[in-house]
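Please put together the full structure from these sequences, using the hints given.
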Amino acid sequence: MTLPALTRYSTFLVGVLLVVQILVSVVFSSAGVILGELETRVSQLSFENQLLQERVAASGSLQEIAKRATELGFVPSPTAYLSPETPHAQILTTQVGH
Amino acid sequence: MDKRARFVGILLGAATLLLVGRLFFWQVVKGAQLAQYARSQYLRSEQIATQRGSILASDGGVLATSQITWQMWADPTKLTKKPQEIARLLAPIFTRELLPEDASGEAQLSFIENKEEQLEKALGKRDIRWVLLADKLSNEAKLAVENFALPGVGWTLGETRFYPEGSAAAHLLGFVGKDEGGERGYFGLEGFYDVTLKGVKGIQRAERDVRGNPIPFGLFSEIAPQSGLDIVTFIDRTVQYIIERHLASGIEKYGAKGGSVVVMKPTGEVLASASFPSYDHARYSEADSTLFKNPAVADSFEPGSVFKVLVMAAALDSGAVKPDTRCDACSGPVTIGKYQIHTWDDKYYPQTSMTDVIKHSDNIGMAFVGGRLGGDKMWDYLSGFGIGRLTDIDLQEESTPALRGKGKWGDIDVATTSFGQGVAVTPIQLVRAVAAIANHGILPVPRVVDKMGEGREGTWEQEIPAKDEGRVISEDAAAKITEMMIEAVRAGEAKWAAPKGFLIAGKTGTAQIPIAGHYSPEKTIASFIGFAPADDPEFVMLVSLREPTSSPFGSETAAPLWFSIARDLFPYFGIGPSQ
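The listed protein sequences derive, respectively, from chains P and H.
Counting from 9, one number per residue, gives the positions in the first sequence under this note's numbering.
Counting from 2, one number per residue, gives the positions in the second sequence under this note's numbering.
Simulated from the structure, these hints should not be mistaken for lab results.
Heads up, the beta-carbon is just placed ideally off N, CA and C, and yes, glycines get one too.
It is possible that some hints are incorrect.
Said to hold, decoys possible - Here are the computed distance ranges between Cβ atoms for each label pair:
1) P:Gln52 <-> H:Arg472: 55 to 65 Å
2) P:Thr19 <-> H:Val21: 20 to 30 Å
3) H:Asp412 <-> P:Gly68: 54 to 64 Å
As the list claims (entries may be wrong) - Heads up, simulated SDA-like pairs for lysine to any residue below, C-alpha to C-alpha not over 20 Å straight-line:
4) H:Lys143 <-> P:Ala66
5) H:Lys137 <-> P:Leu59
6) P:Lys75 <-> H:Thr239
7) P:Lys75 <-> H:Glu102
8) H:Lys202 <-> P:Gln58
9) H:Lys143 <-> P:Gln52
10) H:Lys143 <-> P:Glu56
11) H:Lys501 <-> P:Pro86
12) H:Lys143 <-> P:Leu53
13) P:Lys75 <-> H:Tyr242
14) H:Lys137 <-> P:Leu60
15) H:Lys143 <-> P:Leu59
16) H:Lys258 <-> H:Ala299
17) H:Lys137 <-> P:Arg63
18) P:Lys75 <-> H:Ser250
19) H:Lys143 <-> P:Ser51
20) H:Lys137 <-> P:Glu56
21) P:Lys75 <-> H:Ser105
22) P:Lys75 <-> H:Gly167
23) H:Lys143 <-> P:Gln58
24) H:Lys143 <-> P:Gln61
Shown next as structure tokens:
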């Protein structure tokens with residue numbers, strides 16, 4: 009390739025690259041804004057997520073459940089144990105029967 | 002003409018030189034500095050905050066987590082409403098936020114008035130551009146204030162510790178305060194696991210345009226943050242709730258100054274622990290700082306008769322006595338040197354068996370056992386049970402009283418130690434020692450945390466392996482002392498309060514409090530320690546009451562309280578009557 013041809017070819021290549029650079033800059037100049045908006049959205053969602061986690065933790069606490077149960081009229085029930093032993097009344101009846 | 006042309010030429014040449022020189026100055030000499038200035042404008046460096054890890058109960062319920070809060074400030078020069086008007090709007094919102102829910106109407110009114118006054122004063126400072134109005138406000142409060150659309154008011158995002166269960170387990174959890182390095186956990190789990198929970202902040206450097214938007218393909222570097230880890234504890238919220246409720250009512254019922262309850266599995270997993278008086282860890286700055294330490298691990302006391310089971314276990318293991326060994330020195334008070342030892346009720350049982358010594362909580366019988374065991378062996382066994390040593394529980398403030406050195410025990414020391422006087426323990430040491438009996442003779446290491454991990458989104462998780470310190474007494478000796486403790490519950494002083502049909506091994510204790518070198522006759526620490534079901538223990542529990550006034554005795558205060566807690570724990574653990 010002769011020197012003038014090489015110069016013409018180089019000039020053409022530089023021109024094309026400049027145009028490409030301008031086009032890329034134009035295209036991605038607005039992408040920065042989109043990226044910024046996405047960052048804001050992510051931080052908003054993570055903020056809301058944390059608020060919801062706090063609310064779940066507060067609602068699931070035993071203190072809260074006990075308070076709600078009392079408001080709804082629940083009362084603690086006494087524990088009853090069933091014994092395999094024969095009740096006194098039945099023993100007496102059997103004895104009387106004899 | 003030549004002269005004028007030369008003059009112009011020189012002038013132009015000089016101007017060119019000046020320009021080149023100036024360019025050289027800015028481009029070469031000052032080039033690096035200017036590049037730095039430019040970078041500082043478009044290259045932003047930001048700290049990436051991390052959230053402190055949560056503390057979870059064994060069922061995954063949240064015991065402590067981070068909460069979003071807001072700092073509210075104002076620029077008084079930009080306010081458009083009168084300070085008095087703004088103060089009147091804000092004071093009720095701040096009152097709802099900053100006062101406890103159960104505050105009386107009178108306290109609320111007084112708080113509102115004070116707050117109004119403070120706000121009006123702060124907002125009236127027209128020569129200042131920044132005044133703090135409130136800290137740690139919730140998001141709800143922020144939204145409420147924003148409804149008033151107040152120009153000149155601003156917000157800064159912050160984070161605070163949130164305890165959904167209120168002040169429950171305050172001593173176990175500790176609190177998060179601040180020092181020069183930022184937030185820091187103090188006491189309990191927050192203190193012990195501070196580094197684990199805190200995490201490490203990250204740094205991000207990125208090129209941004211004039212509006213703060215990121216520049217695609219610009220410079221970007223990041224040191225990723227390491228989030229604080231969540232820790233999952235063995236704490237059972239239901240057991241914690243039960244013991245706190247019973248302890249509070251027990252202290253009131255028996256007129257005690259305070260008390261503690263510790264519930265642990267025989268293998269060392271701490272299920273619950275409560276001590277009163279306590280404090281609200283969310284408002285630790287308003288609390289008495291003497292309440293911060295957990296009495297269950299940091300306070301020591303003379304255990305009294307509950308200690309007898311350890312000395313008897315040691316004597317049984319060493320072969321010094323057997324359950325049916327008869328005490329030939331138990332017919333009356335015993336004199337050792339210048340001291341005379343009596344039983345607690347001045348009743349004496351000649352030729353009593355070792356089982357009856359525990360059943361009657363017989364001091365003379367125990368002095369006899371101590372004499373048979375000897376000082377050196379007693380020291381070996383007590384040290385083996387962990388007395389005088391830290392238990393290595395994962396709570397920050399654990400401390401231990403010292404055990405008198407081996408070989409330095411006189412006859413009177415051996416005698417008094419055998420019934421729990423002249424020796425000091427922490428509640429957790431006592432629980433661990435009795436847990437060794439329930440654990441067939443193997444001494445556990447108490448621990449509160451089961452595992453740690455990356456939280457709800459993460460997958461990484463690491464269990465903390467269980468530890469023990471090996472065998473202290475033989476399985477046979479453990480079984481024999483357990484039988485004696487069952488008999489003590491079945492036929493001892495506290496038999497009237499014991500739930501019928503349940504196999505419980507336990508021992509009462511009434512320790513006089515040493516004051517100025519003497520034992521106070523009225524001031525006692527009443528306690529009861531035991532485990533159930535005795536043949537396959539689900540839990541070991543200690544109840545101690547400080548200075549009960551309804552009765553000084555453990556059998557009439559701590560024991561009934563222990564049994565009332567146990568009555569609620571039995572159905573929860575699925576334990577039914579076995580007799």
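Verification of the hints:
{"no.": "1", "hint": "P:Gln52 <-> H:Arg472: 55 to 65 Å", "result": "holds, 59 Å"}
{"no.": "2", "hint": "P:Thr19 <-> H:Val21: 20 to 30 Å", "result": "holds, 29 Å"}
{"no.": "3", "hint": "H:Asp412 <-> P:Gly68: 54 to 64 Å", "result": "holds, 59 Å"}
{"no.": "4", "hint": "H:Lys143 <-> P:Ala66", "result": "holds, 19 Å"}
{"no.": "5", "hint": "H:Lys137 <-> P:Leu59", "result": "holds, 14 Å"}
{"no.": "6", "hint": "P:Lys75 <-> H:Thr239", "result": "holds, 15 Å"}
{"no.": "7", "hint": "P:Lys75 <-> H:Glu102", "result": "holds, 13 Å"}
{"no.": "8", "hint": "H:Lys202 <-> P:Gln58", "result": "holds, 18 Å"}
{"no.": "9", "hint": "H:Lys143 <-> P:Gln52", "result": "holds, 16 Å"}
{"no.": "10", "hint": "H:Lys143 <-> P:Glu56", "result": "holds, 14 Å"}
{"no.": "11", "hint": "H:Lys501 <-> P:Pro86", "result": "holds, 15 Å"}
{"no.": "12", "hint": "H:Lys143 <-> P:Leu53", "result": "holds, 18 Å"}
{"no.": "13", "hint": "P:Lys75 <-> H:Tyr242", "result": "holds, 13 Å"}
{"no.": "14", "hint": "H:Lys137 <-> P:Leu60", "result": "holds, 18 Å"}
{"no.": "15", "hint": "H:Lys143 <-> P:Leu59", "result": "holds, 13 Å"}
{"no.": "16", "hint": "H:Lys258 <-> H:Ala299", "result": "holds, 17 Å"}
{"no.": "17", "hint": "H:Lys137 <-> P:Arg63", "result": "holds, 17 Å"}
{"no.": "18", "hint": "P:Lys75 <-> H:Ser250", "result": "holds, 18 Å"}
{"no.": "19", "hint": "H:Lys143 <-> P:Ser51", "result": "holds, 18 Å"}
{"no.": "20", "hint": "H:Lys137 <-> P:Glu56", "result": "holds, 18 Å"}
{"no.": "21", "hint": "P:Lys75 <-> H:Ser105", "result": "holds, 19 Å"}
{"no.": "22", "hint": "P:Lys75 <-> H:Gly167", "result": "holds, 12 Å"}
{"no.": "23", "hint": "H:Lys143 <-> P:Gln58", "result": "holds, 16 Å"}
{"no.": "24", "hint": "H:Lys143 <-> P:Gln61", "result": "holds, 18 Å"}
In the structure shown, no violation is registered for any of the earlier numbered hints.
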